[in-house]
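Given these sequences and hints, build the entire structure.
Heads up: the protein sequence lines correspond to chains E and G, in order. Per the working numbering, residue 1 is the first one in the first sequence, and the count goes up by one each step. Per the working numbering, residue 1 is the first one in the second sequence, and the count goes up by one each step.
In case anyone wonders, no lab produced these hints; they're calculated from the structure. From a predicted model like this one, the values you see are computed outputs, not experimental measurements. The beta-carbon is built from N, C-alpha and C at its ideal position, and this holds for glycine as well. Errors might be hidden in some of the hints.
Below, in silico cross-link-like pairs of lysine-lysine (BS3-like), each with a Cα-Cα straight-line distance of 30 Å or less [what the hints assert, rightly or not]:
1. Lys129/G to Lys229/G
2. Lys112/G to Lys222/G
3. Lys155/G to Lys58/G
4. Lys210/E to Lys373/G
5. Lys336/G to Lys210/E
6. Lys173/G to Lys229/G
7. Lys222/G to Lys371/E
8. Lys371/E to Lys298/G
9. Lys371/E to Lys242/G
10. Lys244/G to Lys234/G
11. Lys361/E to Lys112/G
Pulled from the structure, derived: some chain G residues nowhere near chain E, Cβ distances all over 10 Å [said to hold, decoys possible]:
12. Ser50
13. Glu148
14. Ala182
15. Asn245
16. Ile260
17. Leu301
18. Asn305
19. Lys373
20. Thr385
Stretches of chain E that chain G covers, calculated by requiring three or more beta carbons in the stretch to come under 8 Å of a beta carbon on chain G [said to hold, decoys possible]:
21. 128-138
22. 197-204
23. 325-339
24. 356-370
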Amino acid sequence: METPLYLEERSLVKRFSGPLPILLNTIFVLALFYVTWWIFQDPRGIMRMYTPYVGYMWCRWLLVIMIWIAYIFDFWPFSRSWLRNTHPVLKGIVLTTLTVLLFAIVLKGFFETILGDYAIAYFSPERLQKEGVVEFWALEYSAQAILMFAAIASWLSPAWVVAMEGAPWDKLPQPVKGFSILMFTFFISVIVYFVAFHSHMAILFDPWQKFAAITPPWWENFADTVHGNFNIAWIMCCTVVVWLHETIWERYPFSMIENPWLRRTASFFGIIAIAVALSFFLYFAQELVWGEAIRGTKRDAAPDWRWLHVGEMAIFWLLPALYMHFYMKNGINRFSQTTNILLRTIASVLAAVVIYYVYYKTSHFFLGTQKGFSHPQQFPMIPLIWLINVMLINYWFMDGWPGWRLAQASEKAPVTHVSYSSATLSPSFYKGVIGGTLGGVVVYFVIIYMIPMMGSMLIIFK
Amino acid sequence: MSIENENTRRDFLKGAVTGLGFGTLATMGVFSYSSMRSFFLPQADRKMASFGACKSVKITNISETSWFDNATLMGDMKGAGGLLVDQYLYNWPPFGDGSGLAKGSYDKGMAKIKHLLPHKLEEAWEVVKTNSVHPENAGGFAALIEIERLDGVKKKYLLDSGWSYEWMDKAFKREGIDKMLANGEIEALILSHEHFDHFWGLPVTMKYAPNIKIIIPDGFYKEGLQYIKDSGHKGELVVFKKGKNDIEPGLCAYTFDVPIICRVFGEQSIFANVEGKGLVSISGCCHQGIIQFIATAKNELKYDNDQMYGIYGGLHISPFDDWDPKYDDLVISLGKWDFKTIGCNHCTGLLTAEKFVRAGYPVVKGTAQHRSKSHSYLGNGDTITFG
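In structure tokens, the structure reads:
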């Protein structure tokens, strides 16, 4: 019998009435974000890990480890009773500490020692230094490779639980289930890494490592760049779409497929298809506002940065979607499921546009970053993922404290699980799909007609 | 309405919303990166703005060695917290206050030397050496631009003023810049951007010509603006806004709103139109990117033969002996712009220059003298003439 995840079976209730819990948690999360940003990341702060790649690697891997703890291992080895009875703040401290410790093991043990010392030199900063790379770049290069692995893992790890429903290990007990999924997703991540990023790393060195990797990379002509940011674009979109699918989309429309393996396969590859479509669209959107990219340029005119910015824009969308899900119960629930999903999607996209505008307009005043859209050291993904990490600590590890708490048995509301049903697939539904699809084509062209106008209305830097 | 009709309506609506999402996403996937998208892209009309022409441009490389040991510089950057740290905090010369790496500030550093600027530079540099992080590593970038007008009259401009007072003063004397400044032969000092290695040697120029006109790009921070005053400048200060700014017939600057490492913002580079030859691009660091720079020229300016003719300066590709695959994009694509002469150095990076040579580009070799490290590019004291 499949055991629901702790995050699925727990029921959270507000500790205060009205909007106070949302306000409290927003303040708490932002305060925790800013304090930790200053301590660990800020170029003006204490540890200054935003070099940028070292800090970037840390925030990406902390995200992955949190996904492992909460989604893949379902908090094993912690018992349900410990999870239910321990104070949220203590839980948050213990589980966050565990996250950091696990990352230290992954970083030092797996990447820098096993891979870096015995297989592929660029994973080890010490090894790169021995080959003549100065310490700063040795750290940056190895961090870049390790974080690219994290980008893949932060897509595949949740995708296997959310889209593949943990199959075929879904009915196994922990930790067998966790290790099975971890090993398999890690195995696929290794393959995707070699296909998507190994060539990027191979041409970081002169001469190009043509006997160890495909050089120039296979995507060069299609992406108009040899840079691995092309793969960052669609992989980041995969990460974002997985979470949209799990949260504000309630696994719709794939939840309509009753056959489990068909549903899982359609979900897994459907997420990839949506992500690729999204990445192409976000690239096109930049061309509509800034003109065609010119290969060999730097900054916002360069194809490689445009692909990176695709991933960055996607993360701007993920932030409000997660916020809506965590602190507003998805925000819009009064209509039919599909209408709710449509309205949430629109609301989260609009919120993303606002956050994007505010971020670029103001972040350099308080994050220690540089003003401007593109910059070698301007990665909005770092602060945004850092903020998402803090939200996950708050919502996953701390049960939404201080605004929420775990429900007592007597006040527990029934937990709604995703239902997989095709009961409504009537002829009318299919007629609607046909009409809607045509409407979708029209909507697309209306959007791309409006994007240049929106771009000129929302001028961030004159 | 019957229940059946209501269900039919609901099913239709559910299908319609599902189809709406599907249709939008499918079109995104099929259309957005197809060749058909070019129909919707903004067409860049070439403005062909004329800025005159000159007979020739000669450039003397006063100094391209901004720092002498890359590992030392990168060690400082790593120790300070990376490439984003504000340059005035490093405790690098001349703003060292003795408190150590990454603990400095403009005000504390300047307080120790202000009374010595600009005329007691040797004494100031002794103070700097005792209070700064790695003063021996500081060099600087500066170049002399000599433009010959169509009527044969020659005019001189100084591009940047380097970093180390000691090194730049020697370099100025080596190339006779000190006398040119003192005699008022140089029309203006054009500061490409606020970076330490281009700007912090300003008192050396002020020592010889405190009344010289200074042209800076928009974007200097308050510390930079204060430093111009504290260095003893008494002449006109001109701030060039984003876009084209004429200097004289055949010579214009172009300012870019470009974010740069070490908390610097904005850079201006120079275009010269050489009669009968074409466009020459002259840059300090070219943080905006050389192809961005010349693509801008193609879109905005009119130049002879519609030909990209020459390049001089730092191209900011691999200044720290680092590499990134996007630099390969630049190396691969520079060829299509068909430059006839490439005089690169400084932050272009040795590896980039070597890759240019391997790609068959017309890179002018240097003499590797006065502490320049390689013959692969134009070194200190070398000259190049376009036209």
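Of all the hints numbered above, which does this structure not satisfy? Sort the numbers upward. 11, 16
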